[in-house]
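*Asks:* In the order they appear, the protein sequences are chains Y and F. So in my numbering, spot 209 of the first sequence is number 210, and the numbers just go up one at a time. So in my numbering, spot 310 of the second sequence is number 311, and the numbers just go up one at a time.
Just so you know, these hints were derived from the structure itself, not from any lab. Treat the hints with care, since some could be wrong.
Listed next, the stretches of chain Y that the computed footprint assigns to chain F, with coverage defined by at least 3 CB atoms under 8 Å from CB atoms of chain F [claimed, not checked]:
{"id": "1", "stretch": "133-139"}
{"id": "2", "stretch": "226-232"}
Computed spacing ranges between beta-carbons, pair by pair [said to hold, decoys possible]:
{"id": "3", "chain 1": "Y", "residue 1": "Glu275", "chain 2": "F", "residue 2": "Thr14", "range": "42 to 48 Å"}
{"id": "4", "chain 1": "Y", "residue 1": "Asp83", "chain 2": "F", "residue 2": "Ser200", "range": "44 to 50 Å"}
{"id": "5", "chain 1": "Y", "residue 1": "Pro105", "chain 2": "F", "residue 2": "Glu129", "range": "56 to 62 Å"}
{"id": "6", "chain 1": "F", "residue 1": "Val75", "chain 2": "Y", "residue 2": "Gln30", "range": "47 to 53 Å"}
{"id": "7", "chain 1": "F", "residue 1": "Val152", "chain 2": "Y", "residue 2": "Ser134", "range": "47 to 53 Å"}
{"id": "8", "chain 1": "F", "residue 1": "Thr18", "chain 2": "Y", "residue 2": "Glu275", "range": "40 to 46 Å"}
{"id": "9", "chain 1": "F", "residue 1": "Glu129", "chain 2": "Y", "residue 2": "Pro183", "range": "31 to 37 Å"}
{"id": "10", "chain 1": "Y", "residue 1": "Glu129", "chain 2": "F", "residue 2": "His209", "range": "52 to 58 Å"}
{"id": "11", "chain 1": "Y", "residue 1": "Pro117", "chain 2": "F", "residue 2": "Asp358", "range": "56 to 62 Å"}
{"id": "12", "chain 1": "F", "residue 1": "Glu347", "chain 2": "Y", "residue 2": "Glu282", "range": "54 to 60 Å"}
{"id": "13", "chain 1": "Y", "residue 1": "Asp83", "chain 2": "F", "residue 2": "Ser171", "range": "30 to 36 Å"}
{"id": "14", "chain 1": "Y", "residue 1": "Pro46", "chain 2": "F", "residue 2": "Val75", "range": "37 to 43 Å"}
{"id": "15", "chain 1": "F", "residue 1": "Glu129", "chain 2": "Y", "residue 2": "Arg323", "range": "55 to 61 Å"}
{"id": "16", "chain 1": "F", "residue 1": "Arg150", "chain 2": "Y", "residue 2": "Gln30", "range": "28 to 34 Å"}
Derived coverage of chain F by chain Y (criterion: at least 3 residues anywhere in the stretch with Cβ under 8 Å from a Cβ of chain Y; other residues may be distant) [claimed, not checked]:
{"id": "17", "stretch": "248-255"}
{"id": "18", "stretch": "276-287"}
Ideal Cβ placement from N, Cα and C applies to all residues, glycine included.
There are 2 protein chains.
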Amino acid sequence: MDLSLIVAGLPSTTPFTPPEVIERQRGGQFAVRLGANESSFGASPLAFQAIQDALGSIQNYVDGTHYELKEALVDHLGCAEDNLVIGPGIDGLLGQIARVLLNPGDKVVTSLGGYPTMEYAVIGVGGELVKVSYLQNGPDLEGLAAMAREVDAKIVYLANPDNPSGAWQSQEALSAFIDSIPSHVAIIIDEAYAEFAPSIPSASKWLHDPRVIRLRTFSKVYGMAGMRVAYALGHPDTVGPLNRIRMHFEVNILAYYAAIASLKDQPHAQWVAEETRKGREEYRSLAGELGLTALPTETNFVAIDVGGSDRAKELIALLGDRGIFIRMPWAAPLNRCIRVSVGLPEERMLFADAMRDIARL
Amino acid sequence: MDLSLIVAGLPSTTPFTPPEVIERQRGGQFAVRLGANESSFGASPLAFQAIQDALGSIQNYVDGTHYELKEALVDHLGCAEDNLVIGPGIDGLLGQIARVLLNPGDKVVTSLGGYPTMEYAVIGVGGELVKVSYLQNGPDLEGLAAMAREVDAKIVYLANPDNPSGAWQSQEALSAFIDSIPSHVAIIIDEAYAEFAPSIPSASKWLHDPRVIRLRTFSKVYGMAGMRVAYALGHPDTVGPLNRIRMHFEVNILAYYAAIASLKDQPHAQWVAEETRKGREEYRSLAGELGLTALPTETNFVAIDVGGSDRAKELIALLGDRGIFIRMPWAAPLNRCIRVSVGLPEERMLFADAMRDIARL
Chain Y
2 MDLSLIVAGL PSTTPFTPPE VIERQRGGQF AVRLGANESS FGASPLAFQA IQDALGSIQN
62 YVDGTHYELK EALVDHLGCA EDNLVIGPGI DGLLGQIARV LLNPGDKVVT SLGGYPTMEY
122 AVIGVGGELV KVSYLQNGPD LEGLAAMARE VDAKIVYLAN PDNPSGAWQS QEALSAFIDS
182 IPSHVAIIID EAYAEFAPSI PSASKWLHDP RVIRLRTFSK VYGMAGMRVA YALGHPDTVG
242 PLNRIRMHFE VNILAYYAAI ASLKDQPHAQ WVAEETRKGR EEYRSLAGEL GLTALPTETN
302 FVAIDVGGSD RAKELIALLG DRGIFIRMPW AAPLNRCIRV SVGLPEERML FADAMRDIAR
362 L
Chain F
2 MDLSLIVAGL PSTTPFTPPE VIERQRGGQF AVRLGANESS FGASPLAFQA IQDALGSIQN
62 YVDGTHYELK EALVDHLGCA EDNLVIGPGI DGLLGQIARV LLNPGDKVVT SLGGYPTMEY
122 AVIGVGGELV KVSYLQNGPD LEGLAAMARE VDAKIVYLAN PDNPSGAWQS QEALSAFIDS
182 IPSHVAIIID EAYAEFAPSI PSASKWLHDP RVIRLRTFSK VYGMAGMRVA YALGHPDTVG
242 PLNRIRMHFE VNILAYYAAI ASLKDQPHAQ WVAEETRKGR EEYRSLAGEL GLTALPTETN
302 FVAIDVGGSD RAKELIALLG DRGIFIRMPW AAPLNRCIRV SVGLPEERML FADAMRDIAR
362 L
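The shape of chain Y in the complex, shown without the other chains (with noise of 0.2 Å):
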């Protein structure tokens, strides 16, 4: 069959290689799995009640209108109801916000070496990438802005607080970046790790905004990854259009009640929130023992510079043959770094002692 022109250009590429193809190659599972950012803290146990309650309707559609999650997101947020679009995780929703304001040779302007789901989004609508290198700790605004200035960008996209730096923009930072940027550029937030964030602008901060996209996921802090919800927040004019082409029944039922439930267990949010911080210290001064820098985050990870990306790379190898999973940026300057999830204290502890090990050699 030909392919449609867009596919039949495209390479095949995965975003990132899943954890388990690694434990196939090397024959068995990691011990201790901390290189995706999931949450060792796990969901609410309004979350898991939420499950156990619904496992009676899995044979049913969900309310593709997503009418009570939505009410309960205006309750929390204290936006409208047309301001907030659900969707299967944000990769869902950055695929679908692609097809919404992209046409073929569009250009979006990202950070080199940021989320590689939003570049697949963006070239698997035949959107042209723009890349922007990081600076040493973090996204490179002004450099960002400039460029979907000089290329006339359609798109520009920061994730805050960033993966894979973990590098926190204050309300100030973020405001004047947005200033900066023309009227006509759409610019994505990828809010995924802001419940870690020490203060997160308010909901309804830039919704008269239409250019303001903000994307908000169950996976992180509501400890969900595996379940698929997020939602886009924004202006009515920009995420309303996403209900023109998402597919209404697309999220999972028992994620859907899941979502509801966990909202309404801030405690336990903020509970995982703390002992994010907590274990970010340790391996702040986990580096600090060894002779190496972390660098700032306000997420739930920690990316350590190790001096070099041969050194970075032989490091995850290491710990890799110790049943430990962790990963690294991929591109300059950030690949100097490992980065690691903040797992519990056990898995926390036995990544101390590997790298008091190895990167002591």
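We have chain Y already, so just place chain F on it with the hints.
*Replies:* Showing chain F alone in chain Y's frame:
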């Protein structure tokens, strides 16, 4: 923000109004839900056990290669691993197939009044729908094939068994249909209801033919419509490119393990199919008792000819007043029917009692 040319031209439609929307309008839940061809018989106990066993993993992303589910399907179907792509429901796969095969303006031939999500997927990528009216009781295979030739279609879509008629095509009829389609036209056979049919062409039957894509789901006989897992079965050259654009981690992790477990419980699936046959017979008898005709069906629902679309609408409203949710085909000639899913014996009894009251008014 300027929308993409394709999305700017789209209406704000949804393929289906969810029953929950009707429930909120009428101010109360339906007591009996027989309008969405969901399985009242539920999923396999093995699937529920798999969900319990996987609860400790919901904070993790699924294995995006779907290795274990593909292995289970290879065992079950006797195909090769590269004949399969897993997706979030047939809806999700239809969206992916539309993107992989269609350029804007490409024509897709389908039945007028057939599965609306297929149409939604096609217009969502700028494809053009060309519709062929149903025969009295099911799809017009000769008409579909003739139209595919006449308009130089890129895709022809056929559901077998069909929704909303319930009609089933034998392997001979299907082979003749496929032989009559030009060599450059993709043939999507939506087999969502295949496990209810008296016999299904073997998985290997058309694997040599890159035109044929068959779609199967865990939504119907396996009782997991809310979980969102399905698969495309076909030639590697045709299904393989779905891997270039699918979102790799979009299948829910509980759905993934539940699907693997479901495949291992074929006795449950066979029991559901058998109970469904009994329910169809009950509906057929009921129709006869009321002086109506049930269309031939090999699915988990029955279309009952009530003599006209006004009468069908009236009956649906009257059933709704009694807390019973059903639907009807929207296009002639099938819109002379109501369509009712096979429910549990007690649900069928409530439907029958209500029909005896209102269909004799």
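*Asks:* Compare the structure with each hint and give your call.
*Replies:* Now for the hints, and whether the structure bears them out:
1. 133-139: violated (count 0)
2. 226-232: Per the Cβ count (4), the hint holds.
3. Y:Glu275 - F:Thr14: 42 to 48 Å: 45 Å, holds
4. Y:Asp83 - F:Ser200: 44 to 50 Å: 49 Å, holds
5. Y:Pro105 - F:Glu129: 56 to 62 Å: At roughly 18 Å between Cβ atoms, Glu129 of chain F and Pro105 of chain Y fall outside 56 to 62 Å, so the hint is violated.
6. F:Val75 - Y:Gln30: 47 to 53 Å: 22 Å, violated
7. F:Val152 - Y:Ser134: 47 to 53 Å: Between Val152 of chain F and Ser134 of chain Y, where Cβ atoms are some 50 Å apart, the hint holds.
8. F:Thr18 - Y:Glu275: 40 to 46 Å: Because 44 Å falls inside the window, the suggested range holds.
9. F:Glu129 - Y:Pro183: 31 to 37 Å: 35 Å, holds
10. Y:Glu129 - F:His209: 52 to 58 Å: Given a distance of about 38 Å, which is not inside 52 to 58 Å, the answer is violated.
11. Y:Pro117 - F:Asp358: 56 to 62 Å: 60 Å, holds
12. F:Glu347 - Y:Glu282: 54 to 60 Å: The hint (54 to 60 Å, Cβ to Cβ) holds, given that Glu347 of chain F and Glu282 of chain Y are roughly 59 Å apart.
13. Y:Asp83 - F:Ser171: 30 to 36 Å: About 49 Å separates the Cβ atoms of Asp83 of chain Y and Ser171 of chain F, which means 30 to 36 Å is violated.
14. Y:Pro46 - F:Val75: 37 to 43 Å: 38 Å, holds
15. F:Glu129 - Y:Arg323: 55 to 61 Å: The hint (55 to 61 Å, Cβ to Cβ) holds, given that Glu129 of chain F and Arg323 of chain Y are roughly 57 Å apart.
16. F:Arg150 - Y:Gln30: 28 to 34 Å: At roughly 53 Å between Cβ atoms, Gln30 of chain Y and Arg150 of chain F fall outside 28 to 34 Å, so the hint is violated.
17. 248-255: Our answer is that it holds, as 8 residues pass the Cβ test (under 8 Å) against chain Y, meeting three.
18. 276-287: The restraint on the stretch 276-287 of chain F is violated, since only 0 of its residues have a Cβ under 8 Å from chain Y and three are required.
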